[in-house]
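Novice: Residue numbers (full-length UniProt numbering), protein chains in the order written: chain A, 1 to 91; chain B, 1 to 556.
You may find that some hints are simply not true.
Using 27 Å as the maximum straight-line C-alpha spacing, the simulated BS3-like pairs for lysine-lysine come out as follows [said to hold, decoys possible]:
no.	chain 1	residue 1	chain 2	residue 2
1	B	K439	B	K164
2	B	K206	B	K162
3	A	K47	B	K76
4	B	K123	B	K76
5	A	K47	B	K438
6	B	K123	A	K47
7	B	K164	A	K47
8	A	K47	B	K113
9	B	K139	A	K47
Just the calculated beta-carbon pair ranges, DEER-fashion [as the list claims (entries may be wrong)]:
no.	chain 1	residue 1	chain 2	residue 2	range
10	A	G20	B	Q180	40 to 46 Å
11	A	M38	B	K229	50 to 56 Å
12	A	V14	B	L45	36 to 42 Å
13	A	N49	B	S29	45 to 51 Å
14	B	A190	A	E71	56 to 62 Å
In case anyone wonders, no lab produced these hints; they're calculated from the structure. Idealized CB from N, CA, C, for every residue including glycine.
Residues per chain are reported as follows:
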Amino acid sequence: MKKNILVVLSTIIVITLFSGQLIVSNRLATMGAALTEMEVQTDELLKENEELSHQIASDSSLMVVSNRAAERGFSSATVRYLERPAFAYQP
Amino acid sequence: MVRLRIVTVLIAGAFTLIWLRLFYWQVLSHELLSNLADNQHFFRLEIPPARGEIRSRDGTPLVANQTAYLVFAEKKYVDDIEEYSEKLAPILEEEEASISGLLNEHDVWVPIKHQVDEQTVDKIKELELAGLGFEREDKRFYPETSMAAHLLGFVGKDALGKPKGYFGLEGFYDKELAGQPGFLLQERDAYGNPIVIGKIDRIEPKHGRSLVLYLDKTVQFIAETKLKKALEKYGAKAGNVVILDPKTGGILASASYPNYDPLLFSEFPDEYYRNPIVADTYEPGSTFKPLVMAKAFELKKLKPTDTYDESGPVTVSGYQIKTWNSEYHGKISMSEILQYSSNVGMVYISSMLGKDGMLSLLSDLGLGSKTGIDLQEEAETFMRDESEWRDIDLATTSFGQGIAITPIQMIRAIAAIANNGVLMEPRLVKEIVSEDGKKIEIPPKETRRLYSAPTAKVIAELMVDAVEYGEAQWTVTKGFRIAGKTGTAQIPVEGHYDSDKTIASFVGFGPVENPRFVMLVTLREPTSSPWGSETAAPLFFDIANELFPYFGMYPQ
Numbered sequence: 001m002k003k004n005i006l007v008v009l010s011t012i013i014v015i016t017l018f019s020g021q022l023i024v025s026n027r028l029a030t031m032g033a034a035l036t037e038m039e040v041q042t043d044e045l046l047k048e049n050e051e052l053s054h055q056i057a058s059d060s061s062l063m064v065v066s067n068r069a070a071e072r073g074f075s076s077a078t079v080r081y082l083e084r085p086a087f088a089y090q091p
Numbered sequence: 001m002v003r004l005r006i007v008t009v010l011i012a013g014a015f016t017l018i019w020l021r022l023f024y025w026q027v028l029s030h031e032l033l034s035n036l037a038d039n040q041h042f043f044r045l046e047i048p049p050a051r052g053e054i055r056s057r058d059g060t061p062l063v064a065n066q067t068a069y070l071v072f073a074e075k076k077y078v079d080d081i082e083e084y085s086e087k088l089a090p091i092l093e094e095e096e097a098s099i100s101g102l103l104n105e106h107d108v109w110v111p112i113k114h115q116v117d118e119q120t121v122d123k124i125k126e127l128e129l130a131g132l133g134f135e136r137e138d139k140r141f142y143p144e145t146s147m148a149a150h151l152l153g154f155v156g157k158d159a160l161g162k163p164k165g166y167f168g169l170e171g172f173y174d175k176e177l178a179g180q181p182g183f184l185l186q187e188r189d190a191y192g193n194p195i196v197i198g199k200i201d202r203i204e205p206k207h208g209r210s211l212v213l214y215l216d217k218t219v220q221f222i223a224e225t226k227l228k229k230a231l232e233k234y235g236a237k238a239g240n241v242v243i244l245d246p247k248t249g250g251i252l253a254s255a256s257y258p259n260y261d262p263l264l265f266s267e268f269p270d271e272y273y274r275n276p277i278v279a280d281t282y283e284p285g286s287t288f289k290p291l292v293m294a295k296a297f298e299l300k301k302l303k304p305t306d307t308y309d310e311s312g313p314v315t316v317s318g319y320q321i322k323t324w325n326s327e328y329h330g331k332i333s334m335s336e337i338l339q340y341s342s343n344v345g346m347v348y349i350s351s352m353l354g355k356d357g358m359l360s361l362l363s364d365l366g367l368g369s370k371t372g373i374d375l376q377e378e379a380e381t382f383m384r385d386e387s388e389w390r391d392i393d394l395a396t397t398s399f400g401q402g403i404a405i406t407p408i409q410m411i412r413a414i415a416a417i418a419n420n421g422v423l424m425e426p427r428l429v430k431e432i433v434s435e436d437g438k439k440i441e442i443p444p445k446e447t448r449r450l451y452s453a454p455t456a457k458v459i460a461e462l463m464v465d466a467v468e469y470g471e472a473q474w475t476v477t478k479g480f481r482i483a484g485k486t487g488t489a490q491i492p493v494e495g496h497y498d499s500d501k502t503i504a505s506f507v508g509f510g511p512v513e514n515p516r517f518v519m520l521v522t523l524r525e526p527t528s529s530p531w532g533s534e535t536a537a538p539l540f541f542d543i544a545n546e547l548f549p550y551f552g553m554y555p556q
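So that you can see chain B by itself, here it is in the shape it has in the complex (with noise of 0.2 Å):
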């Protein structure tokens, strides 16, 4: 009787210890068992979407993408750090002491490098090493290097090592370009292939949308190729060319020296990103005073065939104020004032226009606010308050020393009297392409009237005078009416300006009857000579040269 008791004691004891073993299983272990069995059975993966081209305006790619890996390791599986790194060194053109530091920082996964091409990671497959993995990470490919970087911004990653636009059109359009990533559930076999008949789950990836540009290829190569080449003629520490199309204020081509590589970014100091066309400002110098000229004849201040003495220098509050040559040519004309380009002369425009008359020219040309150019980086102009402006700072305004702008703001200004009269919207991109090929485009747009048509067209024609009678005659191309103006201002140091530092420039368009093209050029402290009409003027007519027979233009 005892043993059958022991018996059934035992049998119940054992069926309780299976019992339990399996609640132990089933209930307690269910999610980490239903898990690893998911991860078995079940293949996952995130789609990457690929990011949106930047293409040129005849639909050529400035930027596509490049398929690329990243190459980590799992720790467990590397037995000798030293053997592993000396043999991954040489096909990453890495060196040995920082492969081995990166293996033996990390504990579990190593990223040893990131975008390494295709023909590399082949390569390393060869070498077979235990533990390492290759993870698709597409990076940019630009067929055309480092033209229009400043433009185009780069691709760098954001805190959780995701791919992220900076600077740029990269970072304005970076929600545009990302797309949305899709995602992939599987069921596979015990080798990995996909059961067919088993469950499928596939959310496809929105491809980032592209990016067709204003921008023309051959125009930018023109610019960046002649700038370079001034930068050394010229010996200016830098240097930027800016055309646009005056009709729908889209930017042709922006050329900024020095430049830097977008696939090399990391190689290149930080200050080098930033487009200084739109986020460094500078002092425009006399290239300001027909925009403060056609002021006075829109508010009827002052008529084109008013003259002015200039007989010697002007005081205002106690300051002198002299002509850049320091000649004064009596009884002169208005045109006059822009081909001497009359300190003076310019002097006692404003004093015409008065404090109200000048104010309201500076707030039409939008300083203290952005152009709304669609790229990251643009700089908000300072203006001062009202109250602040003193007569000495109106004087100084009105032939562009004392205030800051930013070289789109000049350009654009400039363009609205090639554009009779009216403000554009500076503009790069013109159409957004989705991944089906539907095309938004987007339309130009007019941000005000600056001055009336013509205003525009009376100050055009004193521009064509200034420039074939003024200072940089001897480097203008005949046949063409092109209106410019050239300027010199010196650059402000610790409070004072350095004689012997100047930006150079020459804003002007063409032809004047029917403008193509808008185009400033800007040398900072060039060496050969202080002087735009001896720097910038001739970089703007060698340009202009090239593009006349591109645009289909002709000597009358």
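This is chain A alone, in the form it adopts within the complex (with noise of 0.2 Å):
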């Protein structure tokens, strides 16, 4: 009776490890088109940064801060530093 339940035992624990691979197996081996649709994504998200670091490098390069404020009027300050005057000064 025992030696019955034994076998009953093994061969049901078989039968799952069995049908467990099967499915794991199955569900890993379609994964590949999953991975690769992350991989594809992983790239883009990547030259997505990529482009905005260079566009924030840009728009900040001196080259064009300088052409962008003379667009909108502004000019190079003249600094003129005025000397000590030779004579005595009262309010």
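Now that you have both chains on their own, put them together as the hints suggest.
Specialist: Laid out in structure tokens, this is it:
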């Protein structure tokens, strides 16, 4: 009687494991496409990130900033330093 | 019986043939078939490392990377070369003939164009041309376009077609910037998708390290803009502006014209690639005088209070030496020798120094060797043998003629005066940043002591007088104590000096009490006036006027 139970149990375990392996393998085998999709998405996000970094770098370049400033009517400040007058100043 | 034997032989023969065929496939063709199977199952890819960035001192990039592609064609799929070229040419902005020439020239794999940007690749893909492929190859991206091109250098290809840095920082730090490629081996299914439970070997690439410079983008922009305008104003053929921090030897800015665009380097003549501040030599002229005078003070051959009787031309080894304007002022002080830029006064000082003193100065200045700056193309200046120095050579050297020096050697020597007499190694890179953000700081390096601190202080004061009372006094900004010296050196052409061709220069630093910058300006063959006081000096003060407020300096 005990022997029979062991045989049945072993069979159930073997069948369960086999089925489990079948299901897991089946699922994993079809995940390649999803993985590829994720890789493509990662690449696209990296490229987008790179493009945005370039845009920030280009837009903050001194050449662009000075050209835009000139377009908006700003001009280079002429710094004039006044000499101390030779006479005493009294209010 | 005979039939049985025939059948047996036929069966044995058939088995032998099968065995031989199996032997052929399994033993003789084993390697070939294994490779074919491997290529079908496994996807192999060399993962190129990202080249390190070059950043200015505020951390913003001067050079970064941009995704680009090599467009290639597999010849066996190209049916009509003319049609192929006709469709590709307008998108790639190439001549039809050059594309068809490439397709005719190669038999199997034809590289059509390197470093094509993504938008262009997308347009080409829409053509759906058979046999056209794209291979990723990053290209450099310059947010500030050609700013500091001579310092940066450019990235080209080596003999194997791999990216390689040439000239400037790209050349000097090529190994640091390049990194190491990675590798990917991945099992794939019939559709090319990865098999998740299959074999995967991945070695990550080691991306290149980034460089953070001493260079200040704003100072660089000011120097380049002003130099460009000055070249037009004074009609000069070429010009350099170098600005350095005297305390660290760090280069804050270096502008040279004519320059080139590092992205389109192949469209410029080769001679534009070398950085003139380290690769070209020139005769420094009168800007060399403070260095000689300081040496005489240092060796106690003269005192700042000594005088010289400037009564007329002097003769050395049969050669007559005059002042630049043939004016003589009688008894003059050491300070006035610099103010009048007196050649005959300097000949007197060199005679007091003697041959040993003069050669000791040249050796201390590092003539005949490199400064050690981190730029690939630095030239080793020529220094003649001790026995070859004649009295006339020593005399002309005292006023900066007859010797060749690079602009970086000149500014470094003046920076030593600003730095209490200590000569620093000029340097561009402040720190190296690895992929994981780890920073390796490169500390400033002292080369040697050139003058004692008191000597440096005295000569700096005499240089202030030279600015305030010398030929360039008209252009000086009042309220700032700037030490400086003008220079006008004739250019040697085929063994003699051409009086019409000069290199006008001005070197100085300020404020004298606590120098924030040292600047050297050189203009080659200015046509509006040959004199440094009328060309290089105004450019120096034009730039300095912008630097004063930027550095938070105000008039006293």
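Novice: So which hints don't hold here, by number, going up?
Specialist: Those not satisfied come down to hint 3.
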